[in-house]
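Chemist: Following the hints, put chain B in place on chain A, whose structure we already have.
2 protein chains.
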Amino acid sequence: MKVGILGLGTVGGGVVNVLQKNSESIERRTGVKIEVVLAGVRDVKQKRICDTSNIKLTIDPFEVVNHPDVDVVLELIGGIGLTKELVETAINNGKHVITANKALIANHGNELIKLANKKQVRLLFEASVAGGIPIIKSLEQGLSANNIESLAGIINGTGNFILTDMKEKGRDFDDVLKEAQALGYAEEDPTFDVEGIDAAHKLSILAAIAFGTELQFDKVSTKGISDITTEDIIHASELGYTIKHLGIAKRAGEGIELRVHPTLVPNKQLIAQVDGVMNAVMVKSDALGTSLYYGAGAGDEATASAVIADLNDIINNQTSNHILGWKSQQKLPVIKSDDIQSEFFLRLLVSDIKGVLAKVTGIFNDHNVSIDALIQKQADENNNAHIAITTDKVSTKTVMSIKKSIEASAFNQAEVQIIHIELLD
Amino acid sequence: MKVGILGLGTVGGGVVNVLQKNSESIERRTGVKIEVVLAGVRDVKQKRICDTSNIKLTIDPFEVVNHPDVDVVLELIGGIGLTKELVETAINNGKHVITANKALIANHGNELIKLANKKQVRLLFEASVAGGIPIIKSLEQGLSANNIESLAGIINGTGNFILTDMKEKGRDFDDVLKEAQALGYAEEDPTFDVEGIDAAHKLSILAAIAFGTELQFDKVSTKGISDITTEDIIHASELGYTIKHLGIAKRAGEGIELRVHPTLVPNKQLIAQVDGVMNAVMVKSDALGTSLYYGAGAGDEATASAVIADLNDIINNQTSNHILGWKSQQKLPVIKSDDIQSEFFLRLLVSDIKGVLAKVTGIFNDHNVSIDALIQKQADENNNAHIAITTDKVSTKTVMSIKKSIEASAFNQAEVQIIHIELLD
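Those protein sequences? They're chains A and B, same order as listed. First residue of the first sequence? That's 143 in the working numbering, and the numbers climb one at a time after it. First residue of the second sequence? That's 143 in the working numbering, and the numbers climb one at a time after it.
The following block holds chain A by itself, in its conformation from the complex (with noise of 0.2 Å):
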């Protein structure tokens, strides 16, 4: 099997370096020698970070996608522009295609999988989702008994590692997030990660794969961690939560909700002991039950891994042709994110004067909302207390209601800090 890459960066780099290494046993797994025929880099004379001594480079992606002896193309380059084109004209030209990219994934991948099938080349892409890790390979194959009920996943490494260490140190968010930008978890321009567009990115592809419908990553409810403070893991921790940044899908009603938040999760459930930049998805399955799959969600040689696995899927199963996993799809709207029902953490900020406990329980029973869990602190040295509640299941419109509110009386002292609780049990 010969196969051209599109980019030699750090994914890129990974897979030769694996493929050379483990050239040994992926044949003896798989009866195959894979090839590393040509490869479209920038610079031809860059230093790298695999020995390219075999391998042709170009500066052409367009030489890749169209070269006659190239089978499957590797695409690691990323973007979704010039990106697109190179994959279609790779499709077109009746190579099988492997992605990492989550973004190309998530905007094209409806009408970029309708060309594969018509075209009767598979399109891959485990390496977009939780790097490593075969989540997508475990939806399709492992898990296809099953009707998904829901799956919650931390899928962004960056935005994991910082809620860690804001727990572990009691660190602001601003500081650690310097410091994962030092380390090189997170880039210069954070928000991508921070802001959950690359965890709504993977979550719309595992939604899709979950439950055979299309990708839709224009309608997750999207938030990130940017506005939670040392203040909220506290509070949430006396309550026996750890709060992580997860990306939920799941069945209700007709539809599905897909959303990317802060989350409150309770400190018993696996998932919540899933530390620094490691990735997780818990799926919740009729005939299975619960279950989860851990492991490193970037890095050279782990995302190199999910490639690799596709190049074998590929050598395995030349001639499937599936729809995201599925031989048809079904349709399944997506619930508006004001009717999504959850449990909620909710923090506030009180002049503590007589009353105000009084005063804040009864907005809540107003709204007739149950209150689960409430703790209040003992007032600051201006007289103002933390509240910190839970409640039971009630709609996010609800919630925001009560949020305005208590905005809206005379005690309040701050924004109130609304975060989702998730049970998964």
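Rather than coming from a laboratory, the hints here were simulated on the basis of the structure. Keep in mind it's a predicted model, so treat the numbers as computed, not measured. Don't take each hint at face value.
In silico SDA-like links for lysine to any residue, alpha-carbon gap of 25 Å or less [said to hold, decoys possible]:
id	chain 1	residue 1	chain 2	residue 2
1	A	Lys163	B	Thr503
2	B	Lys469	A	Gly173
3	A	Lys473	B	Gly173
4	A	Lys410	B	Leu325
5	A	Lys256	B	Glu169
6	B	Lys175	A	Asp428
7	B	Lys256	A	Lys260
8	A	Lys163	B	Gly173
9	B	Lys175	A	Glu356
10	B	Lys473	A	Ile176
11	A	Lys260	B	Val174
12	B	Lys163	A	Pro475
13	B	Lys256	A	Asn459
14	B	Lys410	A	Asp374
Modeler: This is chain B only, laid out in the frame that chain A set:
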């Protein structure tokens, strides 16, 4: 696709139920209608957990494996005598076989797989290890780019239930075993579960798939949990460990270690948090690093999930012809138990006489073994004191020699408990 089932008990009934309730989504995934046409049972009139109105029942199991309409036989009766003959007959008749029978695969898998390859049919057994967790598919497919370095699994739910309950409630082994039997988690004769034989069956299958070797069940060093005491659990906990019954397969030198035994695992490891009847397998591999797969290790529908995943695998990939997921096998000798290197936990009961600690530590010193941590408790009413010691890495042979020296000493008051430690990092 027409399916014949041998056995309509818990697992067989679960398969029929899941195929019925999820028929729409399974067909939408695969494009193929799966039909159970025939089932071999002991008593056609017995009440069952599934609807059998569309299934022909027969008391002759050979009718199932010989029936011309049957494409795939699901072997769900267990046992390794008649069952082996039935599976061989099915394969010789050109039928694919799926089994949940770990004893059959562990004991006769090598010859059965050879026969299946010769007859160009598939013999699949995802359900034989860790119930519904897709661990075999993950090793064969998701991790196919990797050289596996080691795996460590909680692969017997009964044992994990007992150890979890002993820890959480401070109860004795015998006490919890009786409860497990009452709850149906343990058999009337619990030997297979509590003495580690069931785990050894599963470990031998995992190792063969992970390393691409023959099945070597007869070479697994196996120790059960029946001599674990609450004293062990308490001392381990004080040292920062949880005791789990693990199956461990590990590359070591030119060979592999295959062992099943109680193990101290650092509390911070995710697998230490896997409680009750749940299973989990942690894998270390060269490209991906550490990954973990968690879920239900038993139960009618959880096991059915794995059996039907294998059915879908056959639908997607009829032509594949592999030996345990590999096109060719390697020979890897199993390291002898005496030569296995590991950290160890030792628990002693000694007379609290002057200088006893110097004598104990002197024995370690004489054997050139470093002590990593030591706890000595206050003496009891008989003037006997518990000492718990953890060592650096040392061979089993050496630690057994230390045990012998201690037990030959005048200060010693009980058999020395020895338990492996695995840091898993």
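Chemist: Kindly indicate which numbered hints from before are broken by the structure, ordering the numbers from low to high.
Modeler: When the structure is compared with the hints, numbers 1, 7 and 8 turn out to be violated.
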